[in-house]
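K.L.:
If you read the protein sequences in the order shown, they are chains A and B. By the numbering used here, the letter at position 158 of the first sequence is numbered 158, and the numbering carries on one by one without gaps. By the numbering used here, the letter at position 18 of the second sequence is numbered 18, and the numbering carries on one by one without gaps.
Hint data in this document are derived by calculation from the structure and do not stem from the laboratory. Hints are supplied without guarantee of correctness; some may be wrong.
[Unchecked claim] Every beta carbon over 12 Å from chain B, so not counted as near; a handful from chain A, in silico: (1) 6; (2) 63; (3) 75; (4) 113; (5) 146; (6) 170.
[Said to hold, decoys possible] Here chain A is said to cover these stretches of chain B; the calculated rule only asks that three of the stretch's residues, wherever they fall, bring their Cβ under 8 Å from a Cβ of chain A: (7) 100 to 110; (8) 130 to 140; (9) 193 to 203; (10) 217 to 225.
Everything numeric in this text was worked out from a predicted model, so none of it was measured. Backbone N, C-alpha and C fix where the C-beta goes; we use that ideal spot for every residue, glycine too.
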Amino acid sequence: MSEVNHWRRVVLWWLLASAVMTPIVVFVLGPGLPPGNGTVESSGQVVDNTVLLAVSTPVALAVIVYFVYAIVAFREPKPETVVDGPPIRGHAQIQMWWLIVTTGIVLFLAGYGTVRLLADGSGGGQGPNPIAAPAGASHALQVQVIAQQWKFTYRWPGYGGVETPTLELPTNETVQFNVTSLDVIHSFWAYQLGVKADANPGINNIAYVTTKGPLTFNVRCAELCGVWHGYMFDTGRVVPKSEWARWIVRQRILYAPATKLLAPYAKQYFPMPTRRGG
Amino acid sequence: MDQGSSAKKLIGIGLGAAIVCVLLGLYIGLYLTNVPGAASATTTPTGARLYLAAVPAAALDDPHPTWVSYYKTSATATNWQHVTTYDLPAHSLVRITIYTYDSQTGLRNPFISQVTGAVGGTFTLGGTGLKTKVLKTIYPITASHVFAIPQWGVSVPLLGVSGNAKNQCANAPCSLSQAHTTTTFTIRTPGPGLYRWQCFVPCAAGFIQGFGGPMQTVGYMDGYIKIA
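Could you put the whole structure together from the sequences, leaning on the hints where they help?
P.N.:
Structure representation (structure tokens):
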């Protein structure tokens, strides 16, 4: 059997496998990919992950099909008769297609990623001057995320500057997270919201999210920050707007004594004291 | 290679793999079961009581005699034990008293100056030269330490001893005749489990931003609550 026939067979098997597996990946596996559909941003990330998986499926299948084909077609039942074949010195056609395909995949992914990031920021931290604000960002609910070793607290500049130890958000609302730290580098990762933003001392790192329906989400620190980093987690909720309105009123009453003692609201706080005073 | 040498090689590889597996199992087993020594709360007819002390420096014979630290003590501030893992009963009210002998450092986040998670949302503050009061907050800059169990939402600020106070304690153990503040509060414990507690004041002298050394070491300003 000639070499050309082997290639043709491998390509045909690969096309068949890709035609079967890629739709399965997109339509069966895709909807269940993380981080879920809790917010507009997380839904976008599900689509992004589906696209990445759809692109990588034919690539992975090419390796698997070639591997299995080689095992089946070139198996030698009598190992003692095996001799080394002639050396192969270059194959212009293979090299050309390798470059074309890999370059095409990389450029497509770079372009796709750029377009998606510029659309709404994809829930990522964009620094103090975001360039990819979603629709509705101008009247977004402002929430300051304050990280410290080893706990997140949340401050609400539109509600008397009250600070809360837990995070609750209203449904169907665009939220602007202003993420900062009082000590070392942390990372605010609200998994089901599709939000992840570094928390750096002295920096306001802005991330957006647009909530949908009620949801319970996990908040974790995603930057190794000391002995209790593994315990720096919490649970938050997205609740109906009327319930959230009652919650923020309760928080303002409950934490009124501490609110009087807080520093005026600012985009970031210089961590004072920076060393032990006593 | 003849069959004899192949068999020896296989036995050698098998033995080596078995030894590695046993060592890995031992390491993981010891890691999972290695919980620091614990001290139990005192049981009284009115419920469990836990007496702690926060000192500016551990005992002189401690491996880190300059490190700030918590200790387990008694109602009369005797019988000091350098442990920061505490056994508490499940689903119970536990009254905790903390004698603070350290001076004022200040909170990095003033929000933590308000007590949270304590029964009644208050704590009782007294001590040397202080009139006993029931409070919700202290001034953030006067905080010496915090006793916080973040998983339970418990956080209680501890007022520091004034820098001008006479008869200050330098190293553990200290006595009630020395300058101190007394903070008392009650918490309700959850079900069985191992929970962590920590201080939130950047009180580690000589470490960058006051959060190194004892603040990062279980046995000084961090520890566990074991609920049986």
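K.L.:
With reference to the structure, classify each hint as holding or not holding.
P.N.:
Here's how the hints hold up against the structure:
{"no.": "1", "hint": "6", "result": "holds (35 Å)"}
{"no.": "2", "hint": "63", "result": "holds (29 Å)"}
{"no.": "3", "hint": "75", "result": "holds (24 Å)"}
{"no.": "4", "hint": "113", "result": "holds (36 Å)"}
{"no.": "5", "hint": "146", "result": "violated (7 Å)"}
{"no.": "6", "hint": "170", "result": "holds (22 Å)"}
{"no.": "7", "hint": "100 to 110", "result": "holds (count 8)"}
{"no.": "8", "hint": "130 to 140", "result": "holds (count 4)"}
{"no.": "9", "hint": "193 to 203", "result": "holds (count 5)"}
{"no.": "10", "hint": "217 to 225", "result": "holds (count 3)"}
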